[in-house]
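> Sequence:
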Amino acid sequence: RLEMNIMEIQDMAFMGGKDKVDRKCSEIVGNPDDPQSLSIIAQFIDSLENNRQDGLKGLKEFQKYAAPYFKESVLKMASTENIALDDLPTSVLDRYANRDRTQFLLTVFPAENIWTDVNFLHRFTGDLDRVSNKATGMPPVMQELIRVIGNDGKNAALLTVFVVFLLLWLDFRSFKYAIIALIPLVAGVIWMVGLMHLIGMQLTVVNVMGLPLIIGIGIDYGVHIVHRWRLEGSKKVNQIFASTGKAIFLTSITTMLAFGSLIFSIWRGFGSLGAAMFIGVGACFLSTFIILPSIIGFLERKQC
Numbered sequence: 001r002l003e004m005n006i007m008e009i010q011d012m013a014f015m016g017g018k019d020k021v022d023r024k025c026s027e028i029v030g031n032p033d034d035p036q037s038l039s040i041i042a043q044f045i046d047s048l049e050n051n052r053q054d055g056l057k058g059l060k061e062f063q064k065y066a067a068p069y070f071k072e073s074v075l076k077m078a079s080t081e082n083i084a085l086d087d088l089p090t091s092v093l094d095r096y097a098n099r100d101r102t103q104f105l106l107t108v109f110p111a112e113n114i115w116t117d118v119n120f121l122h123r124f125t126g127d128l129d130r131v132s133n134k135a136t137g138m139p140p141v142m143q144e145l146i147r148v149i150g151n152d153g154k155n156a157a158l159l160t161v162f163v164v165f166l167l168l169w170l171d172f173r174s175f176k177y178a179i180i181a182l183i184p185l186v187a188g189v190i191w192m193v194g195l196m197h198l199i200g201m202q203l204t205v206v207n208v209m210g211l212p213l214i215i216g217i218g219i220d221y222g223v224h225i226v227h228r229w230r231l232e233g234s235k236k237v238n239q240i241f242a243s244t245g246k247a248i249f250l251t252s253i254t255t256m257l258a259f260g261s262l263i264f265s266i267w268r269g270f271g272s273l274g275a276a277m278f279i280g281v282g283a284c285f286l287s288t289f290i291i292l293p294s295i296i297g298f299l300e301r302k303q304c
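Here the sequence shown is numbered in full-length UniProt numbering, starting from 1 and rising by one per residue.
Watch out, some of these pointers could steer you wrong.
Below are the EDC-like pairs computed for lysine to aspartate or glutamate, each with C-alpha atoms no more than 16 angstroms apart in a straight line [what the hints assert, rightly or not]:
(1) K236 <-> E300
(2) K24 <-> D11
(3) K24 <-> D46
(4) K236 <-> D220
(5) K235 <-> E300
(6) K246 <-> D220
(7) K176 <-> E300
(8) K24 <-> E3
(9) K134 <-> E144
Please keep in mind that the hints were generated in silico from the structure rather than gathered at the bench. Remember, it's a predicted structure, so these values are computed and weren't measured experimentally.
Sequences are here, hints too, so could you generate the full structure?
Below is the structure:
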């Protein structure tokens with residue numbers, strides 16, 4: 001019960017941006033973002049399991065002195081009389097009951113951590129909806145927020161890609177060159193999402209807004225290379241990447257460092273956004289230097 005209470009405090013501290021309280025709770029009950037992290041409570045239980053004799057001896061010694069005091073305190077606080085609604089203060093009743101005292105507020109606690117497992121969050125809120133459509137609180141709000149921002153983020157990303165493609169088509173005046181410049185961006189975004197999944201990063205209501213930013217930043221690399229390729233002509237891939245590639249490398253590094261600095265932000269929302277942007281810019285840079293030379297070389301050999 002103590003562990004569950006501390007976890008609840010940790011959830012409220014996380015939602016309220018109280019990172020110091022959140023970190024202290026993580027030390028006591030473990031880090032919700034790292035399932036392998038050990039809490040103080042878990043370490044204490046493990047120490048008792050590994051050395052049961054000493055642990056049992058210590059608990060008996062503690063019980064010897066604590067039990068009489070605890071029993072005396074409980075007996076003083078105990079009340080054998082039934083408590084009626086009229087016995088409670090109005091200030092308490094108004095918080096948990098309606099005016100005619102026929103309906104009462106019910107608090108439901110999840111069995112797992114809803115902030116680190118999105119699937120469980122969906123199951124939990126779905127069960128609440130099946131019981132009552134009047135259920136409210138942070139879990140339903142967060143579930144709806146994730147749904148709305150996820151849909152809006154996806155629509156914004158698709159619209160951004162479409163508009164970018166039209167601008168490239170107008171710029172190059174060629175459907176083929178517009179597609180070539182767009183390929184590294186698409187590959188970079190796919191690599192970004194895949195790498196985030198591999199390292200355990202989840203798309204949140206904050207870092208999902210980085211997808212349109214990545215599209216706007218990452219498209220520049222392919223555009224500069226294709227422009228230089230058309231200007232230099234064929235058989236100049238080495239020269240193109242030695243000059244324009246160096247400029248792209250420097251701008252990628254500076255952009256990654258700028259967004260990466262957000263990782264050290266006190267608010268973890270900015271930290272998540274900074275990490276996503278750092279990965280995304282790096283992925284677009286690598287896809288440009290890995291995929292574009294292959295495409296250019298293939299097209300030049302085909303023309304020959």
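> For the pair supplied as a hint, K176 and E300, confirm whether the alpha-carbon distance does not exceed 16 angstroms.
holds (14 angstroms)
> Would the hint linking K134 and E144 be met if the CA-CA limit is 16 angstroms?
Distance of about 14 angstroms is within 16 angstroms: holds.
> Below or equal to 16 angstroms on CA atoms is what counts here, so check K236 against D220.
violated (20 angstroms)
> For the pair supplied as a hint, K24 and E3, confirm whether the alpha-carbon distance does not exceed 16 angstroms.
holds (13 angstroms)
> Does the alpha-carbon distance linking K236 and E300 stay inside the 16 angstroms limit?
Distance of about 10 angstroms is within 16 angstroms: holds.
> Taking only the CA atoms, is the gap from K246 to D220 under or equal to 16 angstroms?
Satisfied, since the Cα-Cα distance of roughly 14 angstroms is no more than 16 angstroms.
> Hint check: K235 vs E300, CA-CA at most 16 angstroms. Holds or violated?
holds (8 angstroms)
> So if I understand the rule, the pair passes when the alpha-carbon distance is 16 angstroms or less; does K24 with D46 pass?
Given pair K24, D46 is violated - Cα atoms ~20 angstroms apart, limit 16 angstroms.
> Between K24 and D11, is the straight-line Cα distance small enough, at 16 angstroms or below?
holds (12 angstroms)
When each numbered hint is compared with the structure, violations occur for hints 3, 4.
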